[in-house]
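Visitor: Below are the chains, spelled out letter by letter.
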Amino acid sequence: METTSVIDPIAQSGHGTEHAEHQHHHTETFISKYIFSLDHKTIGKQFLFLGMFWAVIGGLMSVIFRIQLGWPDETFPFMERLFAAWFTDGKLNPEAYYSLVTMHGTIMVFFVLTASLSGTFANVLIPLQIGARDMASPLMNAISFWLFFTAGVVMFSSIFLPTGAASAGWTIYPPLSALPQTSPGSGTGMTMWLIAMVIFIGSTLVGGLNYVSTVLNLRTRGMTMFRLPLTVWALFFTAIIGILSFPVLVSCCVLLLFDRGLGTSFYLSNIVIGGKALPYAGGSPILFQHLFWFLGHPEVYIVILPAMGMVSEVLAVQSRKPIFGYKAMIFSILGITILGFFVWAHHMYVTGMNPFIGSIFVLFTLLIAVPSAVKVFNWITTLWRGNIRVNPPTMFAVGFVSMFISGGLTGIWLGNATIDIQLHDTYFVVAHFHIVMGIAAFFGMYAGIYHWFPRMFGRMMNDTMGYIHFAITFIGAYLIFWPMHFLGLAGVPRRYYTFNEFAAFSQYANLNKVISITAIVVFLGQILFLINFIWSIFKGRKSPQNPWQANTLEWTSPIEGIHGNWHGEIPEVYRWPYDYSRDPNSDVDFIPQNVPLSEAEKKDYVHH
Amino acid sequence: MAEVLEIQEEHHIDHLPTPNNGEGGEDSPMKISYGKTMMWYFLLSDAFTFSAFLISYAAIRIAQPWWPNPNKVFNSFPGMGHANVPLGFVSVMTFVLILSSVAVVRAVQEGHRMNQKGVMFWMVFGILGGVAFLSCQAWEWNHLIHEGLRPFYNPFGPDANGITHIVEEHQRWSPGPIAFGALFFGITGFHGFHVFTGVLLNIWGFTATSMGVFHRRGHYEMIEKLGLYWHFVDLVWVFVFLAFYLM
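Protein chains in written order, with my numbering: chain A, 1 to 608; chain B, 1001 to 1247.
It should be emphasised that the hints constitute simulated quantities derived from the structure, not laboratory data.
There may be inaccurate statements among the hints.
[To be verified] Computed list of chain B residues with no C-beta within reach of chain A, every gap over 10 Å: (1) M1038; (2) I1060; (3) P1070; (4) M1093; (5) R1113; (6) I1178.
[Unchecked claim] Coverage of chain B stretches by chain A, computed from C-beta distances (three or more under 8 Å per stretch; other residues unrestricted): (7) 1028-1036; (8) 1197-1207.
[To be verified] Far from chain B, by Cβ distances over 10 Å, these chain A residues were calculated: (9) G222; (10) M225; (11) L262.
By construction, the Cβ of each residue, glycine as well, lies at the ideal position given by its N, Cα and C atoms.
Let the sequences and hints guide you as you build the complete structure.
Guide: As structure tokens, then:
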């Protein structure tokens, strides 16, 4: 099979001669290989490492504010020694609390679950699974990462400002976020937040254009669109959602920057601060919410679709069965993508919106339950009577399905305007979106990391540590967020610094302690994952070429990872990626995509 | 028709990049190269940015009790003093931008014929058109700033008013709805920034053409991509023009 040709495979690809010329002159140094690399596999790892850094920061922030919520009466002198700027007399400052909540949301939603999740797996998986030498534009790919890095530098620096980081919540509603005099965090911290986000959106745009054009244009021979693994379909639609929704956040942020810096009144009207009327007139803070949520809602699909794609792939591979309803999976992703653009105002039922408009958004929101349910049933039916292999990727993939069901069902509650008016801004909402988007996406990400770790690093992760990590995370996540539903039903509002002053809410003090203790344990569980991850990179068991006996093309590329991905010709594809347990008489229960149809198969193979 | 065929015979025919990986892989469903795929998706994205601005414009404007009458705001022409020329200057600007787009269409066409000189010739006019448009915009901004328009202040009061004469209590300090200046400078500025970027890209495209970069490559697809961007900027202007000058 292996041809003896050893010429640089990139040079053969011929998509643009400037590309080929560039590769010829390229001599690898440490810096060009590991830092300013143009190789998609390295850039994917860079996204992963930076995402892990951000996840630790974001998680640590939640631990700090959970300590405040769990023990509002205690003092913590040791915390003050660690984070002197945020504590006074051993107690967390209210301003710091709001900064922490804001930054936790921003970091987790954008930096970890958008940039790092898509960035890692789109980079590692798209070229390898479609049979491409690299991304369509390796340079733009690197630019995407370095813009993400730059946005991170700006955001991270804002934490150390004397006035603190942005503190208006991750949704940064004006007028709080527009007027520096309203809170310390609305000063320079807010400006840096906006600048960081505009740079960040540049990163997602450049990355997304690359992912889309790579999927459309660089598929190997035989890899028709309907032979693509579901991971690629999911990442493809994720990129499209990002390309179409993030630009609206650019407009949103630019107008807010103008309001802050140029004295315009896009979002401001009739404001009196300290008895003094401000000159702003004619703007509308509701306009901000429309612009923000036009991104903000598709954003949750940007977060969850890659996880869905990876879970589909992992479940098919690990239960040794074809994915149930391959095309139904694709069209449900498409359905979610389209419907996702018509539901944004369900975040705004309490803004005084016309109830008729509200009912239209209720309708579209509830319609999303249909493709979501199709996916859930397909995952369960894929597992049904499968030859399931129990290992960490499977555990996390099944955990994802569990979380997605639990969080999805409460989404049907909140999507109804009549119920949402009661539950809006309570812990019920916090519980809902953390389970369905935060925890579920993290589970999808972990399933992906455990599953494709051998592809990325040539070694296997430790299973025992993986099981412990799963148990802590799965049980812990439910222990943290399940009780929050009941807090929310009892009317406990989110974002409050303390509930001591409210008789109705302070009765839940013990419940809040339990949640906080669990949050700390779960955070430590993630440290265990990090230890496993780093240890396995250097000391893990060496991976065979195809450790999971999977069908997709990434396992045909040399596991040590070479530039251009395949020696000689790129493999040709003859079948869809889910030919598992096809022939009961065969010794092997999988047929990779690059294996031609046998004579027997040619008679009755259903072409996808 | 016969004339066109003749021209094609005179020149080389370009060899555009394949709509696949160049190694016999599957074609893009759109049958276009990866570069054009990227440009189209970028333009879609940018269309959403502009749409967000224009929808914000509409949302803010319909919430105001009245809006300055564009025929009275935009009625000056350079060198004509206080003559009343409603929308005269902006019509010239618009015409210049459209002509510039036509020039780039011709450049793309010459690119398909592998006619290096022809591409350079028409790109010059494309660039000049863009520079002329930006100069016109600079004059208009300068003129309006001179008349007192600011992002936070609108001097065009009821005398330039198109609908009713109600002045809200809180608007007294500014004769007209203050959103007018912010939206005008914000949106035409954002469009102008796109024109500026387009001019820089076109200058780069002209330079690369003159150095024979695309000729050696065997195709002028880059000029085509620049053309897509340039027409997009032109198209957006139609909507900006509609929003600020005609409505």
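Visitor: Compare the structure with each hint and give your call.
Guide: Structure-based check of all given hints:
The beta carbon of M1038(B) is not kept farther than 10 Å from every beta carbon of chain A, the shortest such distance being approximately 5 Å. In this structure I1060(B) is not separated from chain A by more than 10 Å, as the shortest Cβ-Cβ distance comes to only about 7 Å. Separation of P1070(B) from chain A is adequate, the least Cβ-Cβ distance of about 18 Å exceeding the 10 Å criterion. For M1093(B), the condition that its CB be more than 10 Å from all CB atoms of chain A holds, with the nearest at approximately 24 Å.
Consistency note on R1113(B): stated as away from chain A, and its beta-carbon is indeed over 10 Å from all of that chain's, at 20 Å minimum. Some Cβ of chain A comes within 10 Å of the Cβ of I1178(B); the nearest lies about 6 Å off, and the non-interface call is violated. Interface restraint, the region 1028-1036 of chain B with chain A: holds (6 residues with C-beta to C-beta distance below 8 Å; minimum three). Only when three residues or more bring their CB closer than 8 Å to a CB of chain A does the claim for the region 1197-1207 of chain B stand; here the count is 0, and the claim is violated.
With 10 Å as the threshold on Cβ separation, the claim that G222(A) sits away from chain B is violated: the shortest Cβ distance comes to roughly 7 Å. The beta carbon of M225(A) is not kept farther than 10 Å from every beta carbon of chain B, the shortest such distance being approximately 6 Å. A cut-off of 10 Å between C-beta atoms contradicts the statement that L262(A) is not in contact with chain B; the least separation is 5 Å.
Against the hints set out earlier in the document, violations occur for numbers 1, 2, 6, 8, 9, 10 and 11.
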